[in-house]
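A.B. asks: One-letter residues, chain by chain:
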Amino acid sequence: MWDLDPFQFFRLTVAWIATIYATVITLQSAWGWVLYLSGGDKYMTMVRRYLIIHALRLRFKTFWGDVIICILLCMVFLLLWRLHGVIAQGV
Amino acid sequence: MSANPPDPNDLKLLPPVGEAGRPPAPNPAGGASEASPTPTPAAAVIAISPSAPRQLADLPKDELATLAEEFGLEPRRYKTPQDLVSAIHGRRQLIASLDRDAMVDVVRWGRRPVPINATNEQLAHEIWRIKSMRFDGLSERGLIALSRLRGVEIAAGEPIPAMVKKLKKSEGFFARMNRKRRAVLGSIVSNMIGENDPAAEYQFLPPVEGRGGPGPTTTTASAAPGARDRSIKEEIEESGLFGGIASRVKKTADQYINQKLDEIESRIDRKLDEIDRRLAEWRDKEIANRLRILKITLWASVIVASLSLIYSYVKVNFYDKPGNAATMPTAKK
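Residue numbers (my numbering), protein chains in the order written: chain L, 523 to 613; chain W, 129 to 461.
Errors might be hidden in some of the hints.
List time: in silico DSSO-like cross-link candidates among lysine-lysine, alpha-carbon distance up to 30 Å [as the list claims (entries may be wrong)]: (1) W:Lys399 x L:Lys564; (2) L:Lys564 x W:Lys423; (3) W:Lys379 x W:Lys423; (4) L:Lys583 x W:Lys423; (5) W:Lys259 x L:Lys583; (6) W:Lys399 x L:Lys583; (7) W:Lys399 x W:Lys423; (8) W:Lys413 x W:Lys399.
Since the hints were derived computationally from the structure, they do not count as laboratory data.
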């Protein structure tokens, strides 16, 4: 008989749904922007250059705190994932 | 019309413009000048090329007349176009033989608007427009150049008072009367307006890009800065009452328009800078928001992962293991 753990079922279901949804929305948005900015007319060229200039003007110092926290949280998440594997092996 | 195509080198009666924008003196003191890369102007002046007058003769009558007027000639005095062409040619030779510094002195004295790198021909055109008979402030070499351009024969070593007298004599009675009438009118108008400020120091126009510049149109179009220093009295004396007032009104209007255009340009620049600044702020705010959302998501993931870890640990160590221990002894039995 298949051993159904409700908590695991809930966790895995939510993870799959959330991941698929986020991936689809992100790809749709990115594709829309690519189509919009790849125009050949004069104004799209100017908008593209303007965006590139603004991206180059971005300074790490403005966001360094949030970026470092995000990196640390990712590392913690990976550690927790690793620990899950260790505990499952110990069974 | 012409059997053979004209040799462009034959047309270069005036010395070329050097790197500094100033051609070498037409009669250098000693030998060939190092600055002039081409043959000496004296040789070019003396050698009359048959192709140059032929090319001028190809011009239509009205164009030839306009060109003659620019060189200070009266086209009606010449019976045939060939005579006019010869006269123009003679004028060009005269311009080529004059000292540039002397011509600049005359232009500065007459307060004509010329760019600093104007050619001799452009300077001569402006000098022919000067009708003033007040020679105060004009150097001796400028006086000689002016006399030659006005067709007054000056002997070598002649004193300045004699030259001035000859120049004034060459004016003509009616021309002098008209000039004096305009001068009186100019002083009346100047007193009415109340313009008693002394003329400011002469300034050249900005240099024209390219060799020689396009000519009178450029100097006329940008006449405002250079000729601004002339008083209305002098302008009326030179151009008449309506001509003087019209040129003054035109200069004032040009100054006003330039001022307004500068203001508009500076406002547009300020607006563009403000737009740039606001876009940069908006960009920073958006990125900060996105990072905050990402941070919250990661925190939620880490919390859920921690709870899951605790749940797994408890399940494995306290729920599953005692169950395995209980089933093992029954299997042994």
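A.B. asks: Are the hints correct? Go through all of them and say.
C.D. replies: Now for the hints, and whether the structure bears them out:
| no. | hint | verdict |
| --- | --- | --- |
| 1 | W:Lys399 x L:Lys564 | holds (22 Å) |
| 2 | L:Lys564 x W:Lys423 | violated (38 Å) |
| 3 | W:Lys379 x W:Lys423 | violated (66 Å) |
| 4 | L:Lys583 x W:Lys423 | holds (17 Å) |
| 5 | W:Lys259 x L:Lys583 | violated (70 Å) |
| 6 | W:Lys399 x L:Lys583 | holds (27 Å) |
| 7 | W:Lys399 x W:Lys423 | violated (36 Å) |
| 8 | W:Lys413 x W:Lys399 | holds (21 Å) |
The structure shown violates the earlier hints numbered 2, 3, 5, 7.
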